[in-house]
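Protein sequences appear in the order of chains D and B.
Residue 307, in the working numbering, is where the first sequence stops; the numbers in between run on with no holes.
Residue 300, in the working numbering, is where the second sequence stops; the numbers in between run on with no holes.
Simulated from the structure, these hints should not be mistaken for lab results.
Just so we're clear, the structure is a prediction, and the values are computed from it rather than from any experiment.
Yeah, the Cβ is synthetic: ideal placement off N, Cα and C, and Gly gets one too.
Watch out, some of these pointers could steer you wrong.
[As the list claims (entries may be wrong)] Facing chain B, a subset of chain D residues (Cβ under 7 Å, in silico):
hint: 1; residue: Thr-83
hint: 2; residue: Gly-85
hint: 3; residue: Val-129
hint: 4; residue: Leu-200
hint: 5; residue: Asp-203
hint: 6; residue: Lys-204
hint: 7; residue: Pro-207
hint: 8; residue: Ser-215
hint: 9; residue: Gly-227
hint: 10; residue: Leu-303
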Amino acid sequence: MKLLKGLALTAVLLALCGTANADKKLLIDGSSTMLPIAQALAEKYMDKTPGITISVKGGGSGIGVASLQDSTCDIADSSRPIKGSEIAIALTKGVDPKATVVALDGIAIIVNKANGITNLTKKQVRGIFNGSISNWSQVGGTPGKILAISRDTSSGTYEAFIALALEGDKIRPDAMLQAASQAVATTVANTPGAIGYVGIGYISDTTKVLTVNGAECKKENVLNNSYPYSRPLFMYTNGKPQGDAKVFIDYVLSAEGQAVVEEQGFVALKKKQ
Amino acid sequence: MVVAFSSLIFLTGIVLVLFIEGLPAFSVTGILSFIFGKSWYPTSTPPEFGIMPLISASFVVSVGAMLFAIPVGIGSALYIHEIAGEKQKMFLKPIIELLGAIPSIIFGFFGMVIVAPLVQKVFNLSTGQCAFTGALILGVMAIPVVCSIAEDALSVVPKSFREASFALGANRWQTLLKVIIPAAGSGISTAIVLGISRVMGETMTVLLVTGGAAQIPNSIFSPVRPMTSTIAAEMGEAAVGGVHFHALFAIGLVLFMITLVLNMIAEYIGRKYRVKLGLDV
């Protein structure tokens, strides 16, 4: 769906380019997690800045980085830091990736409201999702089968959660994969033994949010890094942002841009000290 | 003529795309480890593309659905054709057809919100989103297909068969069991096979009610992830041109092959049946 939206937007933008050749173009590619932010920001920015077209695609962080290496995009969105091997390839092509952190994301662990557990350690969360812990009694709860609810394997939230929480393990094969974060929340709300994870924007009253290692999943804790499942979201450019890319990234970092980040359910950066 | 042949063009186009986009997946994983592989982790590093859990999920859900749809569908067809009076017929037939006209997303939604919690409570399960719920709902969805084709099959049994049977002193029940059903037997089999392919290809409903766990089910109450819902759920976010993207097309190819075989079986049985009745060859 995100991809389709991205494609549709690209198509519209391409059509616009045809009519107004004088337009400046900015190509953004990469993370599907960041696609909603990037799209919303691009739309707002284009509304207030005539004469620029921003095309946003979202194929995944890896695709964005590859696209930056080949100089086929101006900004690469990535929900993970660029890897050393990717920097090496980029350098051989004369591209020098530089990161700008544009937003933060926190992933909340949610359980059914009937569940007595209030806190899990990182180790317990890992055990629950890799399959080594299967009963609530193993983590100090009332005995009952644990039902792990996950996003689909292609989702950005899934990839982030796996990277942050499973540390290289694979998710248990009997985890129930849901097509949307809202579906994860609904299933957890309806299933007494369930545990799931959602982006911080999907926290609601229908489920109970657990603390992890005692830290609550809230904006302050994501900002000061005391909540373990939080991550920065990056925009990579070739060298320090310049020209149109710089103007756009400055807009993203502005109070108005950060408000859009919050609207999309992510955590805005701290105001500049 | 162009209009009539357009279906052929669409079919060829779709089959071509399925092959072109699906075959590269086999060159990466090998066709045997693709079909018989037991783990589906398309985005892990390294990724694993084994679709046995998905195939077995489709299989379990479809068989379960047919166990439900066949008795009810064929029972309804027999009742409508043999027992129901004109008034009942006028009422029942449109009702069953209406059941077939309900969009599958509505069935899925209904299943997720009403049936799954109910199944969970009744069978005291950890979750109601499982193969059983999927089978139950798909079974209901297949009833109209099975019933209307079976009813058609019953109605083309020549009147003379029935009259001959009565003339030999058989009662209504004997006539039904020994004459009408065997004569319409192939048509009824066609109804069943088409019902199975309807159920196999169903996507939205299974996506919402079967739980989505890519494991080989160890019971009818396990959460499962059929082939169709895997494609639907993952295609949107798979990188275009990547191995995962091709693997999803390859699943589509496997699914297409299965339904193609099922339809060929239906066609074959249907032809045999026309010959048997001496209608035409």
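The hints, checked one at a time:
At its closest, the beta carbon of Thr-83 of chain D sits 30 Å from a beta carbon of chain B; the interface hint therefore is violated under the 7 Å criterion. A cut of 7 Å between beta carbons decides the hint on Gly-85 of chain D: the least distance to chain B is about 30 Å, and the hint is violated. The beta carbon of Val-129 of chain D is not positioned within 7 Å of any beta carbon in chain B (closest approach about 20 Å), and the interface hint is therefore violated. With a cut of 7 Å, the hint placing Leu-200 of chain D at the interface with chain B is violated, because the nearest CB-to-CB distance is about 10 Å.
Given the 7 Å rule on beta carbons, the hint for Asp-203 of chain D is violated: about 10 Å separates it from the nearest Cβ of chain B. Interface hint status for Lys-204 of chain D: upheld, as the beta-carbon distance to the closest one in chain B is roughly 6 Å, under 7 Å. The criterion of a C-beta within 7 Å of any C-beta in chain B is met by Pro-207 of chain D, whose closest approach is roughly 4 Å, and the hint holds. A least Cβ separation of about 13 Å between Ser-215 of chain D and chain B goes past the 7 Å threshold, and the interface hint is therefore violated.
Hint status for Gly-227 of chain D relative to chain B: holds, with the closest Cβ pair at about 5 Å, below 7 Å. Hint status for Leu-303 of chain D: violated, given a least beta-carbon distance of 26 Å to chain B, over 7 Å.
In this structure, the earlier hints numbered 1, 2, 3, 4, 5, 8 and 10 are contradicted, and the remaining ones agree with it.
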